[in-house]
Amino acid sequence: MSLLTQLLHNRKALVGVTILVIVILVAVFAPMLTEYSPTQRVGRPHQPPSADHWLGTTRLGYDVFTRLLYGARVSLAVGFGAGLLITVIGTVLGIIAGYKGGVVDEIITFLTNMILVIPNLPLLLVLAAFIGQASPLVIAIILGFTSWAWGVRVTRSETLSVRQRDFVKSAQMLGEPSWRIMAFEIFPNLISIVGINFIGSVIFAVITEATLEFLGLGDPNTVSWGIMLYNAQNASALSVGAWWEILTPCVALAVLGLGLALINFAIDEIANPRLRTGGMLARWTGLVRRGEGQL
Amino acid sequence: MSDPVLSIRNLSVDYIGAEADFHAVRNVSFTIAAGEFFGLAGESGCGKSTIAFAITRLLRPPAIIRSGSEILLDGRDVLALDSAALRDLRWREVAMVFQSAMNSLNPVLTIESQFYDVLRTHTGMSRTAARARAADLLRLVDIPADRLSAYPHQLSGGMRQRVVIAICLALNPKLLIMDEPTTALDVVVQREILERINRLRQELGFSVLFITHDLALMVQVSDRIGIMLEGELVEVDDAQAIYRSPRHDYTRRLWASIPRLGSERTARDAGQ
Amino acid sequence: MAFLLRRLAFYLAAFIAAATINFFLPRLMPGDPIKMMFASAGSELSLDNLNALKLTFGFIDAPIGEQYLAYLKSVFTGDLGRSIKYFPLPVSDLLGRALIWTVGLVGAATLVSFALGTFLGVMAAWRRGTRFDTVVSLASIFSSSVPAVVVSLITLFVFGYTLGWFPNGYAADPMLDPSWNWGYISSVLYHGTLPMLTMVVVLTGGFAVTMRNNMINLLGEDYIVMGRAKGLSDKGVMLWYAARNALLPTVSALAIALGAVLGGSLVTEVVFNYPGMGNTLYQAILARDYPVIQGALLIMTAAMLIANFIVDLSYVLLDPRLKRA
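Chains as they are written, first to last, in UniProt numbering: chain G, 1 to 295; chain C, 1 to 272; chain V, 1 to 325.
Here chain G stands alone, though its shape is the one from the complex (with noise of 0.2 Å):
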């Protein structure tokens, strides 16, 4: 709860929030919001903006503002489903690592190294190369399961501090099965590094999506910003001139990944009471500027 209201005290957050809940209500309320179909031609090809196509037309004459709006049902869904994916899996790894140490710890630690040095954007792609055209869903599964490894690396080194306090001691004196202590003595303390895992794994996870989608791993039949963007590019939209094509889902990745940011930086700002600046600052400034004081 505490962590809630700090987060809205915060400015990063709140513009942040604010972004993330926007997305979210276009997406939900899309039918609303236009008259037309994102999978029917409703105009002439490569339309510039005009009153009746907001964000002009594609090459094939969809309307780009509503592609747009569907579009984020998917960019979310994969975001939000993949991230989630990559957080249980990296929180449960790490806490097992972290807590029970020895042998597990060695293979999880082995494991995770390993990962984080094949590098995973080809990794992706080879194995999207082999899946042929993948769907949104197959790509969230991909993804949760190949880009945990970083979760796990955090997660285990708070976990290790974690695992030195006293209320860890003392439930472990009381014998409380293990799985017991890590679910409700360790976990909760990982509150925060939980939390920045997961938005870092949603940005990771919308970003990654559009990218495959873009070099054409995905299924062109989506209706998704990626599709859009590999569209755009495979119509030439930019040596044609068709700029709106190309730049509004450019500026909707880019604005969603902002507002996600803006979240975790935020997130981090609580959690670490150092790295905040805050009004003390501001009123530090003032009492020194008036005279009232110095270093």
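In short, the hints are calculated from the structure, not lab data.
This structure is a prediction, so every number in the text was calculated from the model and none was measured.
A couple of the hints might just be wrong.
[Unchecked claim] Among the chain G residues that face chain V by a calculated CB cut under 10 Å, a handful are:
| hint | residue |
| --- | --- |
| 1 | L20 |
| 2 | P119 |
| 3 | N120 |
| 4 | L127 |
| 5 | L253 |
| 6 | G257 |
[As the list claims (entries may be wrong)] Far from chain C, by Cβ distances over 10 Å, these chain V residues were calculated:
| hint | residue |
| --- | --- |
| 7 | R6 |
| 8 | A115 |
| 9 | I306 |
We put the beta carbon where it would ideally sit given N, CA and C, even for glycine.
Please build the complex by placing chains C and V on the supplied structure of chain G, with the hints as guidance.
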């Protein structure tokens, strides 16, 4: 008696909060005479370290030294100095030993570099001359000169603290501030370090401001003692008086909290 | 030394893991792996050539264990097979040519953005709470959250198509012959500017945030206060006491970021039609040229491992606590 080395008058330091301020030091005044060993005692959080940091203005925002405070070092008004003059005064006049022995040396520089940077900054000494001076200083604290090329992690905690003391003596300061210098060390090393400081003080003639929460230890080594409570200096007196006839209620309570056996031994030591 | 040997052993294991993924992927997919791998060859390859390719990828009449060993043998003898699209060009030749461009682009972009990001992070941490810090922090958040594909497309749109300041593709003027003369080199630099700029924009923010946070975490340390108490100059304390120590966790963060760096270059190369590894991999994926796809993963992994090893080496140089071992 000559002028005091350090004279603090009406020192007030606040930590600025988003809404309310925390008054860490309230209207504190005391002096330290040349060659004197002055102890400042109190519980943690009572503001004693803040005073130590305020003397050479090492505090960082959101700390603020309230106007009306006065700090005189050898008669010079520290609070009126510009940053260049302040840097020149630091370490040359006031050197400082910090709380954590393990942590006050830069882990990525050799011991020699940590002598060299301060000697070069203040005296423009060459590297060769600095090495010779550093070797002399290490000898004062019984560390062989070949440890100059070592990194801090290669020395024990006690050795590291002795290295810090040697660096403190590099410029013959007038005042040595020790901010709980022995907290992280075991009792034997603690005593050894304090005895060494006392010998060096008699040899070299600097004054000491010794800060600790360990009143029993303090009575053994200090000439005069100040007792702090929640930012205020509640009592300043000779060490003997503080021990034998504490006037303030808080000082009496501090003594009462020290175990019997310890206080008997200190009684003998203090009465030497 | 022991530390570096341990790392080397680990890298060898990681490389074998990448090869193992390559080996099992086609065999795990539904359908006939041989048909799948060489489907795009059609009837152009002669039977002899096809058999040679099969041998390279371990498709032999033997138990799976022996197949695996046969594949590892080809990998470790540097035989990555031949490209199907550009038959009979060996994959290693094709990728070797591309690798030079990627190493140049990624290397330069990483160095520039690491230096710039670290510098900005140091300054922002040192002047925490000032307007400079706010601007750097916000710009960094933005830079680290915007996809490389977005930045490269926008850069290409603005500087390539709209303003026409820079070329829209290739690593050099195709009319020029590669040679060490100023005409060719300047053409390479000119063509490399936009991809490089894109990557610097994408990478700098992450390094800046990391350095800033590491440094702020250190500013309360006793040795920093002691540096100030010693009367050293502000710059001296900032660089030799604070930044020098904050660099250590930043360098280990760099090792983790290398994968993202490579990923970023991959996308950038595709957008700018830059003839590096990423673009080659992309073209191979479009043509379903599996030998090239698999070879690219191996070579990129090897490049990552070498880059990691370089980071390890610099870490040992930077941290005296490791030097002794």
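We went through each hint and held it up to the structure:
1. The interface hint given for G/L20 is violated, since its Cβ lies 12 Å from the closest Cβ of chain V, which is over the 10 Å cut-off.
2. Because the beta carbon of G/P119 sits about 5 Å from the nearest beta carbon in chain V, less than 10 Å, this interface hint is met.
3. At its closest, the beta carbon of G/N120 sits 5 Å from a beta carbon of chain V; the interface hint therefore holds under the 10 Å criterion.
4. Taking 10 Å as the C-beta cut-off, the interface hint given for G/L127 holds, the closest approach to chain V being about 7 Å.
5. At about 5 Å, the closest approach between the beta carbon of G/L253 and any beta carbon in chain V falls short of 10 Å, and the interface hint on this residue holds.
6. At its closest, the beta carbon of G/G257 sits 4 Å from a beta carbon of chain V; the interface hint therefore holds under the 10 Å criterion.
7. Every CB of chain C is more than 10 Å from the CB of V/R6 (nearest about 20 Å), matching its label as outside the interface.
8. Every CB of chain C lies more than 10 Å from the CB of V/A115, the least distance being 19 Å, so the non-interface label holds.
9. For V/I306, the condition that its CB be more than 10 Å from all CB atoms of chain C holds, with the nearest at approximately 26 Å.
Checked against the numbered hints above, the structure breaks only hint 1 and satisfies the rest.
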